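Peer 1: Residues per chain, in single letters:
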Amino acid sequence: MTDNEQALLRTRRLSKQYGKDESLVRAVDEVDLAVGRGEAVAIMGPSGCGKSTLLHLLGGLDRPSDGELWLNGRRIDQLSERALAGLRRREVGFVFQAFHLMDELTARENVEIPALLDGRTPRQARRRALELLEQVGLTDRGDHLPAALSGGQRQRVAIARALVNEPLVLLADEPTGNLDSAATLEVLRLFGHLHAAGLTLVIVTHDERVGATADRLISMRDGALIDETRLTGGTRGSLTALFAKEG
Amino acid sequence: MGRIVLIWRLAVRDVRRHLAQALLLVVAIAAASATLTMALALNGVTSQPYAATRTATKGPDVIAYLTSPSQAKTLAGASGVTASSGPFPVVGATIRFGSRTASVFAEGRGTALAAVDQPDVTAGSWIRPDAIVLERTFAGALGVSPGDRVTLNGRSFAVAGTAVTAAQAPYPNLCYFTTNTCSQGVNLGSPVSVGVIWMTTPDATRLMPKASPLRTYALNLRLTSPDDVQTFVAQHTYFSPPSPGGVPNGVPGADPGSQHGPEQLPFNSMSTWQGIAQADALLVQDAQSVLEPGAILLAVLSVASVAVLVGRRLSDYARRVGLLKAVGGTPGIVAATFLVENLALALLGAVLGLVAGRLAAPLLASPGAALVGSAGSPALSVTGVAEVIGLAVVVSLAATLLPAVRAAHSSTIAALNDVARPPKRRGTLIKVSTRLPIPALFGLRLIARRPRRAFLSAANIAVTVTGLVVVLAFHADADGKFASASGMAAGSLSNPVINRDEQMLAVLTVMLVALSVLNAIFTAWATVLDARHPAAVMRALGARGRQVSSGLVTAQVLSALPGAVTGIPLGLGLYAAVVHGGSLPSPLWLVAALIGTLAAMAALTIVPAWIGGRQPATEALQAETA
Amino acid sequence: MQQEVVLALLAKEPSQGSRLRARLNDALGPLGEAMNAGQIYVTLGRLEKAGLITLDDPGGAADRDRKVYSLTAMGQERVSEWLTEVSWPKPDLAEFHLKLIAAAAAGLADPVSIVDAQRRELLRQLRDVQRAAMDELEGSDAALLLEGIALRLQADLRWLQACEASWITRKRAR
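Chains as they are written, first to last, in the numbering used here: chain H, 155 to 401; chain D, 98 to 723; chain L, 872 to 1045.
Where hints are given, some of them may not hold.
Among chain H residues calculated to face chain L with C-beta under 7 angstroms, some are [as the list claims (entries may be wrong)]:
no. : residue
1   : 343
2   : 360
3   : 362
4   : 363
5   : 385
If you're looking for bench data, these hints aren't it; they were derived computationally from the structure.
Here the structure is a predicted model, which means the values were calculated and not measured.
From the three backbone atoms N, C-alpha and C, an ideal C-beta is built for every residue, glycine too.
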């Protein structure tokens, strides 16, 4: 179990509610979660269970109704909008299912945005963007518009954008939701490399293949965490056993 | 540093992507700025020019029209007089240039400079034997330039140059018809505009027919207290009963046999500088009465255009705002990207408008410009420029600030997932529409989907029709007003005031109509785009293409109708408020304007509707944005 | 027919062969109809020989339908073991399905936790397969096979999710 005190990301009774009285909806219901440094955590659950909402809360894209949220030892659930923006800029990188790239900017310019927002000079931002495009394997596509890129490529640009300011944690909301099988593998490979390099990941997904790549898989239902599976440690059987039953 | 680059980059790219909208924004603000610039420039003309001319020409405080030169000595030596010039002989004559004829007062002058009222030459040179100088506006109306030849009472003279003076109201001498405070000394028996010319004294004397002797002399006086001029006039004139002709005048020489001293002149024999200043004001006030409602209308129309444009773009913006916030943009930066773009476009529009207005203003102010003294155009002061730019900034700020701030502080995830405000359901309208034929059904439901846009469309049409009504009213008025002013006899000169007013009106009408057309086109496009999905659904369910197009046209016309109808009383009201009195245009014209506007609106919708109808339904159905 | 299934069906209470068959038909639906009627008796015979079940009345009714069978102690043990096994039978899902039903009927274990345990195992397998697939070169034969295995595991996991949801609802309804 992750030591709570050393956890990079920690929540205590985190809640998000909508509506009131009869129409009260608890999207996130008193969630206690801890993510350690360098850990890859997957959150899975049926649609409408609140996993996306939870991720938005973790990333400062939405405000909790109740509870505490700590990032790197700092409490972040009560920050001003301006401070939250800084958080999103520097400490947290977010990747969306719909990519959310700016259609009128090239791939490289899209990746530069957070760097420019953070006050770096255009030259620094450009250099950093090119570094990241190389890291995600898209060096030769830097000057293409999103419309000219495949889904997998667009998501990789989005991942590069999320990493440009060296965040502490990468949050991904259904990152392979809009991708086909091959593109999913592309993205998973990339996540694997990043994780191996020490990046902390929290991924929300309904795709078991994505969930299976995590160190820890958390199940969510009706706004609450109900289950946790440690996936590191290999299988009880072996791969050959799987082959044996075929044919 | 990086932030500035980012904001600029986003603004430039976005403008490139929505070029048509950006252009329309610039045009809308340019139109409003141009009108404001002209209005300000014209205002500048009225406030200072007469003073400038007075200084430049050593203008008189009082001009006395005498029947004999001997009266001059008494008056010139009267208490309160500091300087004088004259008496100069004044002769009535007829001038002909080409096919044009006009009446003139010819004042005989020497080549030496006069101590009071030395006209300022604006083109060519001063008088010499057999060469005359014309008052500048009169020269313009006659179409004469230095070097031309004209005939006066049948004799040929050369035109030496043109000049301006503070001793007379410039052609067309609107002063004539205000009886009390402004008058011309000499009356030719019927109210026509007269031109003023100068020539050498011998030439002037020779102009008189042998039968009638010279009867009028002009004496220019300067007083110690120019403001007290009315007292001076009262001291030295007496009231004479009206002559049998019915026109209250002072015909020097006519002896009504009253009790007055020999050194006293009949009432109406003296012009004062204040009266002449008022005459100038009249000339430009006239222009203002056309310009003001025009400026208001254009300003309103541009604000409405900006509102439509910005409203459309807000939904585009929501997603961008969400994205920027998600990657870490502060509310300040988000608002900045929104504002910078609109502000830059607004400033561009303001500058264009300033330049256009500056260039156009002299055309409109020419009669008044005669008084400025130099050949310069109405000046636009620094404050004037600041006001115009300020207006553009305020208009764009007002339209964009509130939504920008709101967007910047909205929940990020809500903005990011923004599916452009889903249409609201209007149950009653839907129910009502089921009884109507398909095009009307479709049209009505389209309006129900986007009531705000329908309202804006109606507002735009209302402004357009208001403008048209004002134009019609002015035309109806103008004929009556100026016909009496200039006595439009055949072969007479063009009245520069009417010319100018009509010019101005034409310019304003063109600008108004152009802006309205652009606006209507844009609204039509926006409606068609927005209706793509429901139109495709209708077609997929079996509606014919023509029915769908008719539906779109119906939607546009139906939403425009209330606007057009309200435009009529609005226009009449606006005109009545600005121009006191004035006649109404005939109802036939009003109805024609109404129908014409609606027809134009329908026509402008048909093209985009037809183009939209050619796209296969499947494409439109897949682009499932509400 | 897996022997363990029949064992589990006897876990709740001793039963006649005919009743066992009826319950199997119920649980398997159309799949059950394809089953040979005599098949279950063969299995019962084997189980008796292995000492996992006994006849209640050895000398009793000759009609095989009416013979009543019950679990021995060894049989009980075997059932408990079987319930916790997570090896994944391919391609027959019927066994797992029956495992859940039997467990619920006998009150031996919570079907939901059986499903959860199985899910975890499959997830671990999927993880290993994914890893192996990512190590392979794109487009190699092995990669293709691995992808097929991964997709099947994914499909099975989806079914397990459906099982879990279904059994939770049933639990609530009780």
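Peer 1: Does residue 363/H hold up as a contact with chain L if the rule is Cβ-Cβ below 7 angstroms?
Peer 2: It holds, given that the least Cβ distance between residue 363/H and chain L is near 6 angstroms, below 7 angstroms.
Peer 1: Taking the closest Cβ pair, is residue 360/H under 7 angstroms from chain L?
Peer 2: 10 angstroms, violated
Peer 1: Mind checking the CB of residue 362/H against every CB in chain L and telling me if the closest is under 7 angstroms?
Peer 2: 4 angstroms, holds
Peer 1: Against chain L, is residue 343/H within 7 angstroms by beta-carbon distance?
Peer 2: Holds: closest Cβ of chain L sits about 5 angstroms from residue 343/H, inside 7 angstroms.
Peer 1: Does the closest beta carbon of chain L sit nearer than 7 angstroms to the beta carbon of residue 385/H?
Peer 2: 5 angstroms, holds
Hint 2 alone, counting from the list given before, is not met by this structure.
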